[in-house]
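Peer 1: Chain residues, written in single-letter form:
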Amino acid sequence: ETGVTQTPRHLVMGMTNKKSLKCEQHLGHNAMYWYKQSAKKPLELMFVYNFKEQTENNSVPSRFSPECPNSSHLFLHLHTLQPEDSALYLCASSRELASEREQFFGPGTRLTVL
Amino acid sequence: AQSVAQPEDQVNVAEGNPLTVKCTYSVSGNPYLFWYVQYPNRGLQFLLKYITGDNLVKGSYGFEAEFNKSQTSFHLKKPSALVSDSALYFCAVRPLTGGGNKLTFGTGTQLKVEL
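The listed protein sequences derive, respectively, from chains A and B. Reminder that position 112 of the first sequence reads as 112 in the working numbering, one-by-one numbering, no gaps. Reminder that position 85 of the second sequence reads as 199 in the working numbering, one-by-one numbering, no gaps.
Quick caveat, the hints were computed from the structure, so don't treat them as lab data. Cβ atoms here follow ideal geometry from the backbone N, Cα and C, with glycine treated the same way. Careful, some of the hints might be misleading.
Unchecked claim - What follows is a set of in silico ranges between Cβ atoms, one per label pair, in the way DEER data are often shown: (1) A:F51 - B:S184: 36 to 44 Å; (2) B:P193 - A:T16: 21 to 29 Å; (3) B:D168 - A:R63: 40 to 48 Å; (4) B:S184 - A:N17: 25 to 33 Å.
Claimed, not checked - Covered stretches of chain B (chain A as the covering partner; in silico rule of three or more C-beta atoms under 8 Å from a C-beta of chain A): (5) 135-142; (6) 156-170.
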């Protein structure tokens with residue numbers, strides 16, 4: 001295992017629901033990331049946090065709201081999603097934001113929006 | 115803007131044969147290059163990276179990759195494929211300077227190793 005856990009692993013929600021995805025890393029890393037993975041498309045970086053501070057929002061719709069209470073935990077709050085938001089959502093962490101650092105990924109949450 | 119191209123959606127190889135998964139990139143300045151592998155129902159796992167130095171980089175599970183600056187390529191190779199190597203492989207690039215914190219990924223290549 002990579003040391004990054006995500007819950008839940010699967011989530012089905014209606015367009016009017018509110019749900020949250022959770023990510024936890026046990027690696028002592030300082031940077032955390034949310035990605036969206038859709039079939040046949042490159043991974044899309046959504047948000048970046050460094051020492052709990054958001055450093056990047058990659059033009060993500062406001063129906064996705066991240067939260068990083070500490071360097072070990074990252075949440076993605078979801079509300080009024082659309083069917084096209086169905087995808088695998090991956091959390092990752094790295095020791096720091098430096099370009100040469102590899103990222104460690106969690107197993108992902110498979111989200112289906114009905 | 116940086117980009118990565120993985121020209122093959124799928125690569126089929128017989129077990130025991132050498133394998134190559136292709137990757138070309140575009141980035142301003144010098145690149146950091148990465149390969150990740152994704153097994154079914156799992157997240158991405160880091161395989162290897164090129165930062166500087168020797169153009170031939172060795173990584174996990176017997177994989178290696180060769181950085182070719184003139185051809186802007188970073189192909190993944192393994193001398194003898196195993197059935198257990200069957201997975202989805204992603205190439206990624208990040209500029210050495212600038213570019214923010216964005217790691218740009220390719221669309222992935224499905225590797226299928228058959229007996």
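Peer 1: Are there three or more residues in the segment 156-170 of chain B whose C-beta lies closer than 8 Å to some C-beta of chain A?
Peer 2: Result for this restraint: holds, n = 7.
Peer 1: Just to be sure I understand the hint, the distance between the Cβ atoms of P193 (chain B) and T16 (chain A) should be within 21 to 29 Å; is that true here?
Peer 2: This hint is violated: roughly 54 Å between Cβ atoms.
Peer 1: Regarding D168 (chain B) and R63 (chain A), is the given constraint of 40 to 48 Å on their beta-carbon distance met?
Peer 2: 46 Å, holds
Peer 1: Is the hinted range of 36 to 44 Å satisfied by the C-beta distance from F51 (chain A) to S184 (chain B)?
Peer 2: 39 Å, holds
Peer 1: Looking only at beta-carbon atoms, does the pair S184 (chain B), N17 (chain A) fall within the given range of 25 to 33 Å?
Peer 2: At roughly 52 Å between Cβ atoms, N17 (chain A) and S184 (chain B) fall outside 25 to 33 Å, so the hint is violated.
Peer 1: Can the segment 135-142 of chain B be counted as covered by chain A under the rule of three residues or more with Cβ-Cβ separation shorter than 8 Å?
Peer 2: violated (count 0)
Hints 2, 4, 5 from the list above are not met by this structure, while the remaining hints are.
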